Amino acid sequence: MKTVEKAKLDGFLGQLAQKYSVLVPVDYNGLTQFAPYSQVQEGVSKLYLDGNVTVSPKTVYLPQSEAMYKFRAQGKKLAIEEMPAMDKQQVVFGVRHCDTKAIQCLDKVFLDEKFEDPQYKEKRENTIVFSLACNNPKATCFCESMGVDRAHAEASVADVQVYEFGDTYGFVAVSDKGKACLDAVSGLGEAADKLPDQKPQEVKFDPSELPAKLKGMFEDPIWDEYSFKCLNCGTCTYVCPTCHCFDINNKIRGEVGMKMRTWDSCMFAEYTLMAGGHQPRQGKKERVRNRFLHKLQYFNEKHDMFLCIGCGRCVAKCPVNLDITKFIKQVIG
Amino acid sequence: MSNNAVENFEPKILVFACNWCTYAGADLAGTSRLQYPPNVRVLRVPCSCRVNPQFVLRAFQRGIDGVLVAGCHPGDCHYTTGNYYTRRRFLLITRMMDYMGIDSRRFHTRWISGAEGPKFQQVVTEMINEVKAIGPNDKFRDDAKIEVKAVETNE
Amino acid sequence: MKTASASDVLKINNLVPKVGVLKEILDETPDVKTFRISTPEGERPFTPMPGQLGMYSMPAIGEAMFSVTNYGEDYIDMSIKKYNDGVLTSVLHGLEIGQEVGIRGPYGNGFPIEQFKGKDIVFVAGGIGLAPVRSLILYCMRNREDFGKLTIIYGGRSKEDLCFKDDLFENWPKVPNTEVFVTIDRPQEGWDGHVGFVPDYVKEIAPNAQIAAVCGPPILIKLTLPILSQMGLPDEDIITTLELRMKCGIGKCGRCNIGSCYVCLDGPVFSQAQLNDMPKEY
Amino acid sequence: MSNIQNEMRAVAKELLESGKATVVLGWEKGTMPYDSTPVMIRSAADVDKLIWDEYCLQNLSTYLIDFINSEDKVAIFAKGCDTRAYNRLVHDKRINPENSIVIGVPCSGMKNPKVAAKTPAGAEVPMANACKECRYPNPVACDQKIGSDVTPWCTAKDFSDVEAIEAMDADAKAAFWKEQYSKCIRCYACRNICPACNCTNCIFDQSASGWCSKDVNASENQFYGVTRAFHVAGRCIECGQCEAVCPSDVPIMLMNKKFIKDIDTLFGNYEAGLVTEGTTPLNSYQVADPEEFM
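Protein chains in written order, with the working numbering: chain H, 1 to 333; chain W, 1001 to 1155; chain D, 2001 to 2282; chain R, 3001 to 3294.
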């Protein structure tokens, strides 16, 4: 295991930043998210490693607004230009284990054999993930119940495993990309491989029966009970690391324009509203039901894994405390 | 921005003109051969009250340097009272613009009747000069620049 | 500079359309036009299976899914109904020959051809719903020996609203072992054919078929499916199509799901048996 | 506090058992100690779920919108600000006063759950921002009341935070708002919780109209923020729920309060949500309004 003293982390990240675009978790005026390390160097944001960030690292692969292609529509002519390729590999430092699992969920969708998403794939392949194990889970965390290994990050996503010990960080390369990246940094210490002490999580349950149980519950009164207080805002979906629904929009400037892929939320009326006015999911009940079932049943039927990884963001950030863990526990019984 | 760029700066001014008065006033300015700089784009609205504050914000967002909302004098509204609502609304938006850091001298509301061709000329000219002196608007802008290669058209 | 061979495996970005050119525009009815689209090089943009979809766009206006009703050596045909409050369809109807548009596809599952083979088929369609069904009818006619008797039952609001009149009255009746029944909703001067709604007409004709393909307005589908069941068709062999709001067309953007199915990816063609298993949320 | 809680349960029980109400909306304890969350009670057996503590921040009046065409008779518990919200909604004809019963609860100010989430257990948690400036802790209108009125701790509107922004120079103001609105993730929680944002069809749900872009950047976000503030100008009841639910901590009330301040200065002091009829400042006028536009 390679080591870096916490006090020298800036130097470590600085070295990486010379070769890669480095993204780190930051506190930007009270909002925690992933941002370029240059923001920290310039003092715009503060490095934030005390807990997981509010806006998950899905932004690295699926930004809230992303240009898909540009076009020029002039008279009868149409030209379409694809966006330029990434010019540099990037390093994402401090992705928590739950979020690496979330990226694995996104892979199922965007790296689907039939229709691969090249923009997503390009970012996935040119990103080196430093995944940081959590020693002190929050009261809202339930990742262990959702199948996240708290000792080892999701191997298909993480390139370097990071552990926190007292005043040092320990690094273990997991992939070749990660090893090459670590080898390029000088001044690292050496230590024997070990695991940090990790506090147990408070919320615990076994969700394995959930998909089967939920299959018969489409018309259950539980949906009225849970959905009544929902505001139909998009907070849960936007802070969720696995929610990946998007909308395709225009940005027009005269004869030229840009197609944008922007996050969308199944909580919004516009999401399913058809041009003729038909609305298949009328209100709170239908939308909450669709969201929960997508996470806990539908995705499972398609990909044999949950679309919820237990980060607890929606539990912590929901304006009305609509708690998915409470729902899960009630369904399991 | 260099001084030179500011000196050569030609502001874009958007005028929301009430159909019943200012639009006729602008027309009168034209038929009377009154000269004013070509920096204005006139958008005809049924009443100054039709101008939603969002129209103004959108204009600034998309690259306009100054906005003029012009309607009938108080008491002369074609719809009796529309311009009184306009007045309340734009007293607020002027202050909100200052609060947002956009120089409120970029935004004017004026009462210009159909007979006031010279007033239209004067207001527009003064406004262009004023905005020229302040310089281009760089606040609240959505700066997306989209560059796509030209296409050949037969038209 | 490309840093990894990321996109080399799959060079096509499925969300970025290709440029297509309108070669021909045919007026089918007062509010339906058929657009014949080629690539600027004069090639067929893609090769669809019957019932598959294409994403047709005017990039500055919008993008929507339409079924590909027919294709030829160097073109695909899409028939589109204009809706008065539909922004995109109104613009499309104003286009002229030579206009360049965006086109991507083919998407969706299409009709299960193998399942239709060797069987007597009844096709039931109303209004613009004939467009997807027509792709299947044409496929059956091109491979005539693979299929049994073809019964086509089609209805429109009036005789002007009947799509593909040449096919209905000239071409298809001449195909061996094929019957075409056409009806309009209300009596009309100059119309001596059948008058009445499609589901009733299906009941009246009671075609002897082993499999059915149904497409039309939701009310037509809703009323016709039980009639076909009563005629003894098993749920697996009653085939229909669904439609929901779509954006990406490739099962990623999320909104067109019914349970764990995405209409754009796993549909739009479903059998009655599949529909029975899905939540009623469409 | 516990007396009020007991009374709440007793009132709810009586209403449900007598059939005067079929539904009671109150608060129950949520996931964390600082979460008190809405609960819908339909059976007298469940009234013990109801709680009253220093985190019952959320306004329940807006849920009455869901019941506007319902056969249900709905009782809600309402603090001072919630009763103003109730009036606002009745004024906008978005709820049915005939099928609702408002049970007023005087409030001594709620604590700030966002601060509580970051504070170690046991430490003192400050009041929620809007509560600090509250002038109406007692219900302004209700069908019945529990507990006794408290003495308001503020008598005049406090615009010191707005004035602090006004005192900045233009560049600093623009930079401040750009910084704040670049945090917005456009989840629309502020809109959906707001009792004044009660339109059946919001312009920000119509992206095809071209009015709102789903593109998320500081400019578009601020366009959303200012537009929303304008739409609630003269109607905002200062409950501060928008700011309380914002996952990104955007100071939304600073926008709303600016309009309140200007309306007071220009058109005379106005208190939203005290009446259920008549005009609001932006749908009325005085011939003698200030004239700056000759």
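Hints in this document: simulated from the structure, not taken from any laboratory.
Just so we're clear, the structure is a prediction, and the values are computed from it rather than from any experiment.
Each hint should be verified, as a subset may be incorrect.
[Said to hold, decoys possible] With the C-beta cut set under 8 Å, the calculated list includes, among others, these residues of chain R facing chain H: (1) LYS3020; (2) GLY3030; (3) THR3031; (4) MET3040; (5) ALA3044; (6) ASN3192; (7) ILE3193; (8) ASN3217.
[Claimed, not checked] Residues on chain W that point at chain R, a partial pick, calculated with CB under 10 Å: (9) LEU1034; (10) TYR1085; (11) THR1086; (12) HIS1108.
Think of the CB as a built atom: it goes at the ideal place given N, C-alpha and C, for glycine as much as any other residue.
Okay, the hints, checked on the actual structure:
Nearest Cβ of chain H to the Cβ of LYS3020(R): about 21 Å, over the 8 Å cut. The hint is violated. A distance limit of 8 Å between C-beta atoms decides the matter here; for GLY3030(R) the minimum to chain H is near 4 Å, and the interface restraint holds. This hint holds: THR3031(R) has a C-beta 5 Å from the nearest C-beta of chain H, less than the 8 Å allowed. Below 8 Å, beta-carbon pairs count as interface contacts, and MET3040(R) has one with chain H at about 5 Å; its hint therefore holds.
Checking ALA3044(R) against chain H: minimum C-beta separation of about 17 Å lies over 8 Å; hint violated. Because the smallest distance between the Cβ of ASN3192(R) and any Cβ of chain H comes to about 4 Å, under 8 Å, the interface hint for this residue holds. Restraint check, ILE3193(R) versus chain H: the minimum CB separation of about 6 Å is within 8 Å; hint holds. Given hint, ASN3217(R) at the interface with chain H, holds; its Cβ is 7 Å from that chain's nearest Cβ, closer than 8 Å.
With its C-beta approaching chain R no nearer than about 20 Å, LEU1034(W) sits outside the 10 Å limit, and its interface hint is violated. Because the smallest distance between the Cβ of TYR1085(W) and any Cβ of chain R comes to about 6 Å, under 10 Å, the interface hint for this residue holds. The beta carbon of THR1086(W) is positioned within 10 Å of a beta carbon in chain R (closest approach about 9 Å), and the interface hint is therefore held. A hinted interface residue such as HIS1108(W) counts as satisfied when its beta carbon comes closer than 10 Å to some beta carbon of chain R; here the least separation is about 7 Å, so the hint holds.
In this structure, the earlier hints numbered 1, 5, 9 are contradicted, and the remaining ones agree with it.
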